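A.B. asks: Protein chains in written order, with my numbering: chain R, 1 to 324; chain W, 1 to 257.
Treat the hints as calculated values from the structure; they're not laboratory data.
Note that the structure is a prediction, hence the values are computed from the model and not measured.
One or more hints might be untrue.
Label pairs and their in silico Cβ distance ranges [as the list claims (entries may be wrong)]:
1) Ser-180/W - Leu-222/R: 55 to 63 angstroms
2) Asn-79/R - Ala-208/W: 38 to 46 angstroms
3) Trp-189/R - Ala-128/W: 51 to 59 angstroms
4) Ile-156/R - Asp-39/W: 24 to 32 angstroms
No residue lacks a Cβ here, since even glycine has one placed at the ideal position from N, Cα and C.
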Amino acid sequence: MTRAAWPLTIGFVLVAMALGLSVGATSLPLGSVWQALGDASAPGAAIVRELRLPRVLLAFSVGGALGVSGAALQALIRNPLADPYLLGLSGGAGLGAVSAMALALPLVWGVPAAAFVGALGAVALVYRLSVVAGRRLDPRVLLLAGVIVGAFAGAIMTTIITLSTAEQLRNAFLWLLGGFSAASWESVWIFVGYALLPLGVLLAQARPLDLLTIGDEPAQTLGVDVERLKRIVLLCTSLLTAAGVAVCGIIGFVGLVVPHALRGLVGPLHRRLLPAVFLAGGGFLVLADAAARTVVRPVELPVGVVTALIGVPLFALLLRRSLR
Amino acid sequence: MVRLSGPATRVASLIPATTEWLFALGAGPAVVGRTAWCDYPAEAADVTDLGNGITPNIEAILAVQPDLVLLYHSAGNRTAASRLRDLGVPVLLLRTDRLEDLDRQLTLLGRALGRVAAADSLRAAVAAGLERARAAPAANPPSLFILAWDQPPMTLGRGSFLTEIVELAGARNLFADVASSSATISIEAVVARDPDFVLLTSRDSVPAFAARPEWRVVPAVRDRRFVRVHGSEFNRPGPRTPAAVATLRRALAEAMR
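Produce the complete structure using the sequences and hints provided.
C.D. replies: Here it is, written out as structure tokens:
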């Protein structure tokens with residue numbers, strides 16, 4: 001572990017937050033942002049307090065949750081390619097959310113609950129497929145099953161959207177691209193309400209996750225209930241993915257790139273990796289969102305496009321360096 | 001280049017705007033197919049529905065035995081058009097996005113249906129109607145934020161037909177600098193530009209978004225400065241365009257009172 005790892009990570013988060021609060025349709029100097037945070041009658045206070053602050057906090061917590069989910073799934077599968085997207089969780093959650101929109105369920109509980117059911121359904125299917133294949137939770141089979149289930153969920157989603165004429169569903173397609181343009185305090189509370197518990201549970205599994213990386217059997221001999229741990233991780237990551245999809249659509253690459261980058265900085269031990277990934281994942285998504293709303297303003301880019309545009313080259317670079 | 005042996009007598013009209021024009025030209029009986037969106041005039045409901053018109057169903061089109069097919073000018077439709085032409089069915093690809101497309105549309109339709117005189121008088125009538133309905137250009141027109149969707153916040157830009165209606169009605173589109181026809185924007189961008197009114201196109205009497213705290217940051221939303229219009233005449237240029245301009249002008253005058 002590099003000694004500068006924590007100051008670096010925390011500094012990154014602070015810079016990202018400051019930037020996220022000061023740029024937008026109108027750029028505000030940091031001084032006025034600070035003033036607006038403390039004083040509701042300051043000029044620009046409504047913009048900072050009602051629009052930017054919830055948006056930055058939502059992006060931060062969603063990014064953190066996606067990062068932690070990615071890191072936990074990678075430990076579980078023992079494969080750096082694992083993330084909620086590739087394992088079919090995002091697809092399942094998206095299908096659930098679109099179905100809830102088709103049935104006009106309320107945004108506060110209906111969409112998150114349906115997204116969770118969808119994510120769990122996808123995980124259950126992935127799990128069943130890998131059992132049928134005869135290798136219980138074999139990393140490669142799981143990834144393969146995840147990709148297939150994700151594609152299947154995507155096909156059903158497209159079918160629902162194609163068949164419906166309702167305005168809400170045509171826009172569901174856009175919403176699924178991911179974005180924080182509709183962020184509000186309500187969406188922050190929805191997300192925090194659903195994400196706090198699974199996030200805490202995952203952070204508490206740091207030690208067993210360390211042991212799991214040396215293999216199922218060694219971990220079992222060292223006292224880890226491997227099957228139970230795997231179920232806990234899948235359940236918690238499903239909840240986190242579902243909560244994220246419900247408030248801001250499908251956002252890829254955060255769970256893939258951030259843990260990969262952070263392992264080089266803080267090392268592979270999950271006691272340090274998981275909190276660091278939470279912070280850096282949050283900061284990363286705040287920055288990506290700041291870019292999404294300023295690059296072609298007043299038009300907003302889907303934030304998933306930005307995470308992919310930054311994430312893919314970064315991942316390629318890291319991959320090259322780690323192979324060297 | 002399209003060659004017809006004579007005036008078309010069986011037309012599959014896969015654009016809602018051309019369906020309106022054909023009926024207005026008195027060629028309603030010649031329309032043998034339409035899209036699911038063709039909701040005007042009421043008689044159009046009796047014509048065979050050939051689907052949503054976005055990806056034309058060639059088999060359904062051939063089944064009504066048209067001697068002319070009207071398709072919207074899009075990349076997907078060009079492929080469908082060349083297939084139909086290979087099968088010996090004449091196709092007209094038309095742009096129907098903006099007011100400026102109107103002249104060419106009417107000229108082509110008049111020629112294809114052997115109703116050149118009717119097309120000429122209709123064009124003159126629509127032009128005169130527009131002249132009567134439109135507002136005199138103002139030095140400082142009120143700004144309208146066109147709310148196309150609230151989650152994510154979406155508006156219509158310069159490329160949209162509604163922008164033209166807004167301008168003819170004597171107002172300006174708050175996001176006229178956005179070139180595309182529709183775009184996702186942030187609530188913050190709306191706050192920064194501070195529109196005079198919000199133009200609502202939904203049928204709901206009480207817009208749910210207006211109660212949400214993040215939307216109430218927009219002064220025009222907080223003060224309920226809403227202008228409401230709805231109906232398909234606001235999203236396609238056609239014989240009802242002068243009426244659409246007049247309706248919006250009335251709604252705007254009422255809101256400004």
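A.B. asks: Run the structure past the numbered hints and jot down the numbers of the failing ones, going up.
C.D. replies: Checked against the structure, no hint fails, so every one of them is satisfied.
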